[in-house]
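Trainee: Sequence:
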Amino acid sequence: MLGFAVFYLWPTIRGVYLSFTDYSLLTPPEWSGLSNYTKLIGDGSFWSSLAVTLEYVVINIGVQTIVAVVLAVLMHRLTKSSFLRGVLLLPYLVANVVVALVWYWMADYTLGVANQFLGWIGLGPFGFFGEEHLVIPTIALVNVWRHMGYTALLIFAGLQAIPRSLYEAAAVDGSTEWRSFWRITLPLLRPVLAMVLVITVIGSFQIFDTVAVTTQGGPADASKVIYYYIFEKAFSQFDFGYASAMGVALIVILAGVSMLQMRLLRAGESDLS
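For what it's worth, the numbering used here labels the leading residue of the sequence shown as 64, then goes sequentially.
None of these hints come from the bench; they were simulated from the model.
Keep in mind that the hints are not guaranteed to be accurate.
Ranges of calculated distance between the beta carbons of each label pair, as one might list FRET restraints [stated by the list, open to error]: (1) Leu153 - Met325: 28 to 34 angstroms; (2) Thr173 - Leu147: 35 to 41 angstroms; (3) Leu141 - Val276: 33 to 39 angstroms; (4) Met322 - Pro74: 19 to 25 angstroms; (5) Ser238 - Gly66: 48 to 54 angstroms; (6) Gly125 - Phe146: 27 to 33 angstroms; (7) Pro74 - Trp241: 46 to 52 angstroms; (8) Leu204 - Ile265: 16 to 22 angstroms; (9) Arg227 - Phe294: 46 to 52 angstroms; (10) Thr173 - Thr75: 44 to 50 angstroms; (11) Arg148 - Trp110: 37 to 43 angstroms.
Yeah, the Cβ is synthetic: ideal placement off N, Cα and C, and Gly gets one too.
Could you build all of it, start to finish, from the sequences and the hints given here?
Mentor: As structure tokens, then:
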């Protein structure tokens with residue numbers, strides 16, 4: 064409770080308070096009412112960074128969820144090796160900054176091993192982090208590589224809770240593996256998938272370190288996600304009041320998205336009965 068109060072509750076309360084002030088760190092906060100929120104509504108850069116973040120979220124969540132489900136099902140149906148689970152989890156244990164740097168060097172236009180390989184097969188090189196239409200998909204796929212093992216293990220845990228007798232009964236009735244996946248596995252995985260989607264969506268909206276290490280929001284703001292824009296306002300322009308208002312707005316957006324997900328996916332219900 065003490066840790067929660069010091070590191071979560073108090074910063075949240077102070078952040079909400081600062082969002083109603085004009086605060087530049089060098090002077091005491093001055094109450095400004097709703098001016099920061101009025102400014103936010105008309106701030107094109109805020110909505111642009113939110114759109115960039117949304118593009119990242121859609122790509123990251125879409126690819127990561129599909130890959131994680133495939134990996135989890137393969138582990139469940141073919142092998143339950145602890146060694147393979149450990150291998151899948153290894154990228155998640157590496158710091159985001161290290162992962163971003165390694166992939167940034169690998170994807171370098173001139174010297175990167177990825178572009179050298181693509182050049183050998185006549186497909187490259189590509190400016191993965193330097194072209195506007197490629198930068199967000201590249202950042203999303205880097206984070207898919209890092210997180211897919213962890214997500215797969217969460218889904219794998221959900222698969223283990225599904226009774227094998229259901230698959231055996233389906234096989235007796237002549238059901239194929241593909242049909243059993245759609246009629247048994249996915250419906251019974253719904254509560255776990257709902258939890259995984261809520262966690263991964265919230266985490267995806269908080270993307271920052273990969274962008275800060277590789278592109279700093281470029282090229283031409285094509286990768287300026289909402290967290291990086293908040294960081295710029297707070298620690299480059301020292302407009303802490305406005306940055307706090309954007310932070311509060313992001314909390315409200317994430318709360319709404321999470322509640323909508325939970326409702327649409329019926330996260331509190333299970334078909335296992």
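Trainee: Now look at each hint and say whether the structure bears it out.
Mentor: We went through each hint and held it up to the structure:
1. Leu153 - Met325: 28 to 34 angstroms: About 31 angstroms separates the Cβ atoms of Leu153 and Met325, which means 28 to 34 angstroms holds.
2. Thr173 - Leu147: 35 to 41 angstroms: Since the Cβ atoms of Thr173 and Leu147 sit about 36 angstroms apart, the hinted range of 35 to 41 angstroms holds.
3. Leu141 - Val276: 33 to 39 angstroms: holds (36 angstroms)
4. Met322 - Pro74: 19 to 25 angstroms: Since Met322 and Pro74 have Cβ atoms about 23 angstroms apart, the given range 19 to 25 angstroms holds.
5. Ser238 - Gly66: 48 to 54 angstroms: holds (50 angstroms)
6. Gly125 - Phe146: 27 to 33 angstroms: Check passed, 29 angstroms falls within 27 to 33 angstroms.
7. Pro74 - Trp241: 46 to 52 angstroms: holds (49 angstroms)
8. Leu204 - Ile265: 16 to 22 angstroms: Given a distance of about 20 angstroms, which is inside 16 to 22 angstroms, the answer is holds.
9. Arg227 - Phe294: 46 to 52 angstroms: holds (49 angstroms)
10. Thr173 - Thr75: 44 to 50 angstroms: holds (45 angstroms)
11. Arg148 - Trp110: 37 to 43 angstroms: holds (41 angstroms)
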